[in-house]
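Required output: the full structure, derived from the provided sequences and hints.
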Amino acid sequence: MESSSTAIDDDPFQKIHHQMQIIFTAGFNRMRDRWDEMFDTNLCLAYAKQLPDHMTAFYEEVYQESNQRREHFVAEIAELRQEALELQRLLSEQQQGLPAGIESHPLFEQRSALDASLEQMQQKLSQRHEIIDEYMLEMETLLYSGEPYLRLRRFSTVRRCFGSQHAIAEQVAQRDRCCPSCGWLW
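Quick note on full-length UniProt numbering: the sequence shown kicks off at 1 and runs consecutively.
Among these hints, one or two may not hold up.
[Unchecked claim] Taking lysine to any residue and the SDA-like style, the derived pairs with C-alpha atoms no more than 20 Å apart in a straight line are:
hint	residue 1	residue 2
1	124	89
2	124	72
3	15	26
4	49	35
5	15	25
Please keep in mind that the hints were generated in silico from the structure rather than gathered at the bench. All values reported here derive from a predicted model rather than from experimental measurement.
What follows is the structure in structure tokens.
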């Protein structure tokens, strides 16, 4: 007997299961005592026969709620993975959204790992945007300072020619290139 009690003590889920059995037995006995006081044996039996259906309905409801929560996690993870792909594209990196082997972990852990990974990528993107903004400010200063080696009519032409901020920053960083559409030389 002592070995079975230690097995229950070692496994917290078995301990909870045992507590539920005790609660169910006590509740069933209370109901039966109440019904015996109020009804004849046949009616008591009819009510008792309904209890398994009530329990099944309760557990089905709990299961459905858990299933909805699972589906919510799966949808969130899919959205986070899509966001990770977009950030990877913006960063021009092939960084994996989830650490290797985490797909076998619980969904909550996967979501948390993705959140942490996305936060790092967003910080990296923010840092790159700061660098780009510095380059843009430097370019504006040079464009409007009248430096002879910059021969553009308007700053908007630079934006039109280079497109994205990433391309502008790349061009500013590599001043030995020229714009293919306007022939502007650095």
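Now the hints, each set against the structure:
1. 124 <-> 89: holds, 13 Å
2. 124 <-> 72: Answer violated: residue 124 to residue 72 is near 28 Å, above 20 Å.
3. 15 <-> 26: holds, 17 Å
4. 49 <-> 35: holds, 13 Å
5. 15 <-> 25: holds, 15 Å
The structure is inconsistent with hint 2 alone, although it conforms to all the rest.
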